[in-house]
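S.K.: Per full-length UniProt numbering: the sequence shown = residues 1 to 236.
Simulated from the structure, these hints should not be mistaken for laboratory data. The reader is advised that the hints may include incorrect statements.
Derived Cβ-Cβ restraints for the label pairs, each shown as a range [unchecked claim]: (1) 86 with 51: 34 to 40 Å; (2) 26 with 126: 32 to 38 Å; (3) 92 with 55: 38 to 44 Å; (4) 90 with 204: 21 to 27 Å; (5) 123 with 146: 26 to 32 Å; (6) 211 with 86: 34 to 40 Å; (7) 141 with 171: 28 to 34 Å.
Heads up, the beta-carbon is just placed ideally off N, CA and C, and yes, glycines get one too.
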Amino acid sequence: MSEWWTEVQTYRLSDFLMFSARSYYRQFELMNRELWPLHLLVLAAGVLLLAGMLRPRATASRAAFGVLALAWAWVGWAYHLQRYADINTGAPWFAAGFGMQAVLLAWMALRTAAQPAAGVQGRLARFLVIAALAYPLLAPLAGRSLMQAEVFGLAPDPTVVATFGALLFWRAPWPLWVVPLAWCAISSATLFELRAAQAWVFPLLVLLLIAVRCQAVWWPAVFEAKRRADPDKRHR
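Work out the full structure, taking the sequences as your base and the hints as a guide.
M.R.: Structural data, given as structure tokens:
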């Protein structure tokens, strides 16, 4: 038993990766060439998502979650199953997770319209959607061709970033956060092993989300506790 455990401890994530950074980003290049001009449609969908946050209406949340449900389903099938599975044996499992998230997002789209967040939480949510739409710019900044860029609605990472924005803005329940957070861990571990320049994007994003969520939950509670501790302030 001890020998088996010692052998397991010698493995690293790189021992399970069967591809290089060049092969990884080559997938996006081939996909972008094959699917163009679908990029224009997904960009329009992303702009629709952002517009629903800039001018929230009664049905904005339902439209946003409907768009994201389609995006997650498409990425699960067109990317994970049709392309990523060629170089990563775990891709079918990733596709299953993306399909599960698509179902949860579709369920949110069918529910009663949600109320938008305000303040720091609302501003961060809008920023995340803008960042997701601008995600392709990371490719030339990292020295890669723009044809190897990851696009919202076609590639997983920018789709997850935009989803975080919607979940934060419309205060989605915790089950909808599980798969996106799990993908953050998987993608970050992969990118770190590939020595990719953008490997720090998801860890920093998750820390920022945790900080904002804690501020949104704990700061009102602390303020209310202080107000109750000094009732005279209510009459000042």
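S.K.: Evaluate each hint against the coordinates.
M.R.: Right, here's what the structure says about each hint:
| no. | hint | result |
| --- | --- | --- |
| 1 | 86 with 51: 34 to 40 Å | holds (36 Å) |
| 2 | 26 with 126: 32 to 38 Å | holds (33 Å) |
| 3 | 92 with 55: 38 to 44 Å | holds (40 Å) |
| 4 | 90 with 204: 21 to 27 Å | holds (24 Å) |
| 5 | 123 with 146: 26 to 32 Å | holds (29 Å) |
| 6 | 211 with 86: 34 to 40 Å | holds (38 Å) |
| 7 | 141 with 171: 28 to 34 Å | holds (33 Å) |
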